[in-house]
Amino acid sequence: MAGDADGGELTMEAPKRARPRPTPAGRKCRVKKAVRTSDAARKMEDGTVIAADGSKVLADGTKVEADAAELAAREERRKRAEQLEAEAEEKRKQAEEEAKKKAEAAAAEAEAKAAERKKALEAQQLPQLCSTLARDASCSSVTWAVRSYFVLIWVADVRMGQGGSVIRQPTPPITDVCGALECGEATEPAQPAVPNKFQRLSTLGHLEVDADIARGLSLQKSLRTGGRLWLTCPADLDKKAREELWNRSHPVKHFDLFLSHTWMTPGKWKLLSLLLQSGSHKTLFFWLVGVSLAAALSILDLVPLPWVISSFSFGFDRPMPVGPWILLASFVATTLGLFASPYFPRPSRQRDMCFLDLASIHQADAQLMERGIYGIGGFLSISSELRVLWCGNLCFHVDSNSRGLWCVFELAAYRTANPTGKITLTPLFVELIVCLILLMQYVYCGVWWMCRTWREEGKYRLVSHGLAVVPSYFVMHVLRKAHVLKHTLFSELAPVAILSFTALRLRCCGLGFSIDSRLAAESFDISKAKCSSDFDKTFIRTAIAQWYGSEEAFTDFVRGPLREELRTKARCCTFLDYELLLLTPLAASGLYLGYLRADRGLRLGSLVPQSRGISDVGYELSS
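Heads up, the sequence shown is in numbering that gives the first Met the number 0, so the first residue is 0 and it goes up one at a time.
No lab work stands behind these hints, which were simulated from the structure alone.
Some clues are possibly wrong.
Pairs of lysine to aspartate or glutamate, DMTMM-like flavour, derived with a Cα cap of 20 Å [stated by the list, open to error]:
#  : residue 1 : residue 2
1  : Lys267    : Asp235
2  : Lys536    : Glu384
3  : Lys238    : Glu369
4  : Lys252    : Asp211
5  : Lys252    : Asp351
6  : Lys421    : Glu384
7  : Lys196    : Glu108
8  : Lys281    : Asp576
9  : Lys196    : Glu207
10 : Lys196    : Asp211
11 : Lys220    : Asp351
12 : Lys196    : Asp533
13 : Lys220    : Glu243
14 : Lys281    : Glu578
15 : Lys252    : Glu207
16 : Lys267    : Asp356
17 : Lys252    : Asp356
18 : Lys220    : Glu242
19 : Lys196    : Asp356
20 : Lys536    : Glu551
21 : Lys196    : Asp535
22 : Lys100    : Glu110
23 : Lys78     : Glu96
24 : Lys220    : Asp255
25 : Lys196    : Asp209
26 : Lys196    : Asp364
27 : Lys421    : Glu551
28 : Lys239    : Asp356
29 : Lys252    : Glu384
Per label pair, the in silico range of CB-to-CB distance [claimed, not checked]:
#  : residue 1 : residue 2 : range
30 : Asp364    : Leu327    : 46 to 52 Å
31 : Asp235    : Val331    : 28 to 34 Å
32 : Asp364    : Val331    : 40 to 46 Å
Heads up, the beta-carbon is just placed ideally off N, CA and C, and yes, glycines get one too.
My request is simple: use the sequences and hints to build the entire structure.
In structure tokens, the structure reads:
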């Protein structure tokens, strides 16, 4: 008996009879029927038949309906089997796709190798053919021209060949060929293809130099016209203005300075820092000339002296005419000298060709911009110095880690490409503090002298000092914030181990900052550096792993050798220009007092006949 395929009912089979041996076609039909029967019902050893719907027919003919739980389990097994089959099909498709990609990659690689072999063959055969033509000087000019003509045709066929096939271009006239040969024109080699960011990543060409777009400009010229270039943000410009920025740079083969910074920081702070770094000694010279000129004009009474102060000395109480010219000349000369320093002639031995991304990377063409951004590693490899302009969030309102991973990449790439190169780390708040202290001193001296001219010195001395100190509280408040910024900067921007360098630099400036230099450098972790693009993150971390073996090895390098190297360099740094610049307001005020005493001595010398025996005093003062 057997279960029916449609309903699963019991059927009785007829007695078996001897049949002839089935043909192959008949055997196939029997196999298909058996499969359908086995799919419809299963017969157990005890004679029980299980139908497709789960019902059972016992050996004695009793029919037992299927249980709901059993049906559910059967359905679950069926679905599980279908799911496994779908998963297997998906894996099979993925394996086919991977095999296809590998085959395409292998074909592309074989094609590239074939092209390289063809170029090598061309490089070997072309000089031989040319030398053969040169040696055949005994032949007539017509024969030589014809041979040269066919050589050029062969060269064109070889160079236009792609993937083993030859694409023939229209053959130039023989007269043009002979004319080119007579003029001595040579065929230029084919230009190499420029790698894009994906090719740089796949070939690990992070330090490959893209010489076609290596452009730089003078740092001194970038600070001219009031530093307009540094006050410009590319995002705020139209396309035409961004194209003009590219024209301000010119092709170079080497950079003296690579400036690493972020345009999220306002340009005024970077401009102030670079002006002081490059022009502080010129500012001092300008100050000396301006103050000397004002003092000479005051002593010779060539400028008006609108104020009068009363001073009692050596028994004399005499009003003295005074003017603000020396102190005012000191302030004006310092300010003008700072902004005029980029126009001073630069020593011939001092070079300042720098890489500034605003002008060295095309800001309007997307393709050139991509080549410039991902070719930064190559530009770092041809730079003599890496200068990092560090910013914070005190006055700048910038997330200090906004481009932290790129800063790490620039540091790692520069140290890999230039093991003996110079790295300069300059926090922007150092020059800000210098300017604030200068401003505080000028405000104090100005207010104090104004109070002296309005009131008598003896009665209102304390009042004049108090009023002079009041405007300085704002500067002191900003200095307090700068001190907090220093600690924040050391803890958040430790990826370049600037602690010991900056602390020693501030001490050299006389600002009295101190900090444990091991705190942030030893807690540096590259995994905490931020990056907004997933591709950039992969691009940078792949390069660091290639150069240093692993990210952990680079972390150990920052915490150890790099930190010690920067500490050693920091000990050699002197900031004499900054120290002298901080003394200029006090020097101008002291020169002002000296002028008054000299003027008083000259006038006392005229009172000797009326002074009852104090001519010696008048002589000493006048001398």
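Hints and how they fare:
With a CA separation close to 16 Å, the supplied pair Lys267 and Asp235 stays within the 20 Å bound. A threshold of 20 Å between alpha carbons decides the hint, and for Lys536 with Glu384 the separation of about 25 Å lies outside it, so the pair is violated. This hinted pair checks out: Lys238 and Glu369 have alpha carbons roughly 16 Å apart, not beyond 20 Å. Restraint check: the Cα-Cα separation between Lys252 and Asp211 comes to about 10 Å, which is no more than 20 Å; the hinted pair holds.
The hinted pair formed by Lys252 and Asp351 meets the criterion: a straight-line CA distance of about 14 Å does not exceed 20 Å. Of the pairs offered as hints, the one joining Lys421 and Glu384 holds, with about 5 Å between alpha carbons and a cut-off of 20 Å not exceeded. Between the alpha carbons of Lys196 and Glu108 the distance comes to roughly 19 Å, so the proposed pair stays at or under 20 Å and holds. For the given pair, Lys281 sits about 9 Å from Asp576 by alpha-carbon distance, which is consistent with the 20 Å threshold.
Among the hinted pairs, Lys196 with Glu207 is consistent with the structure: their alpha-carbon atoms are about 11 Å apart, no more than 20 Å. Taking the CA atoms of Lys196 and Asp211, the gap is near 16 Å; set against the 20 Å cutoff, the hint holds. Proposed proximity of Lys220 and Asp351 is supported: the alpha carbons are some 9 Å apart, at most 20 Å. Among the hinted pairs, Lys196 with Asp533 is consistent with the structure: their alpha-carbon atoms are about 13 Å apart, no more than 20 Å.
Simply put, Lys220 and Glu243 have alpha-carbon atoms about 16 Å apart, close enough for the 20 Å limit, and the pair holds. Simply put, Lys281 and Glu578 have alpha-carbon atoms about 14 Å apart, close enough for the 20 Å limit, and the pair holds. The hinted pair formed by Lys252 and Glu207 meets the criterion: a straight-line CA distance of about 14 Å does not exceed 20 Å. Taken as a hint, the Lys267 and Asp356 pair is honoured in the structure, with Cα atoms around 17 Å apart against an allowance of 20 Å.
Distance restraint check for Lys252 and Asp356: the Cα-Cα separation of roughly 16 Å lies within the 20 Å cut-off, and the hinted pair is therefore satisfied. For the suggested pair Lys220 and Glu242, the alpha carbons sit about 18 Å apart, so the restraint of at most 20 Å is met. A C-alpha spacing of about 18 Å is found between Lys196 and Asp356, which places the hinted pair at or below 20 Å, so the restraint holds. At most 20 Å may separate the alpha-carbon atoms for a hinted pair to count; Lys536 and Glu551 meet this at roughly 16 Å.
Distance hint between Lys196 and Asp535 is fulfilled; the C-alpha atoms sit about 10 Å from each other, no more than 20 Å. The suggested pairing of Lys100 with Glu110 holds, with an alpha-carbon distance near 15 Å, which does not exceed 20 Å. Restraint check: the Cα-Cα separation between Lys78 and Glu96 comes to about 27 Å, which exceeds 20 Å; the hinted pair is violated. Only pairs whose Cα atoms come within 20 Å are accepted, and Lys220 paired with Asp255 is accepted, the gap being roughly 14 Å.
Our distance criterion of 20 Å between C-alpha atoms is met by Lys196 and Asp209, whose separation comes to about 12 Å. For the proposed pair Lys196 and Asp364, the alpha carbon gap of about 15 Å is at most 20 Å, so the pair holds. Restraint check: the Cα-Cα separation between Lys421 and Glu551 comes to about 24 Å, which exceeds 20 Å; the hinted pair is violated. For the suggested pair Lys239 and Asp356, the alpha carbons sit about 17 Å apart, so the restraint of at most 20 Å is met.
The straight-line distance between the Cα atoms of Lys252 and Glu384 is roughly 15 Å, inside the 20 Å bound, and the hint therefore holds. A hinted range of 46 to 52 Å for the beta carbons of Asp364 and Leu327 is consistent with their spacing of about 50 Å. The beta-carbon spacing between Asp235 and Val331, approximately 32 Å, falls within the hinted interval of 28 to 34 Å. Restraint check, Asp364 to Val331: a C-beta distance of roughly 44 Å satisfies the suggested window 40 to 46 Å.
Violated hints, listed in ascending order, are 2, 23 and 27; each of the other numbered hints is respected by the structure.
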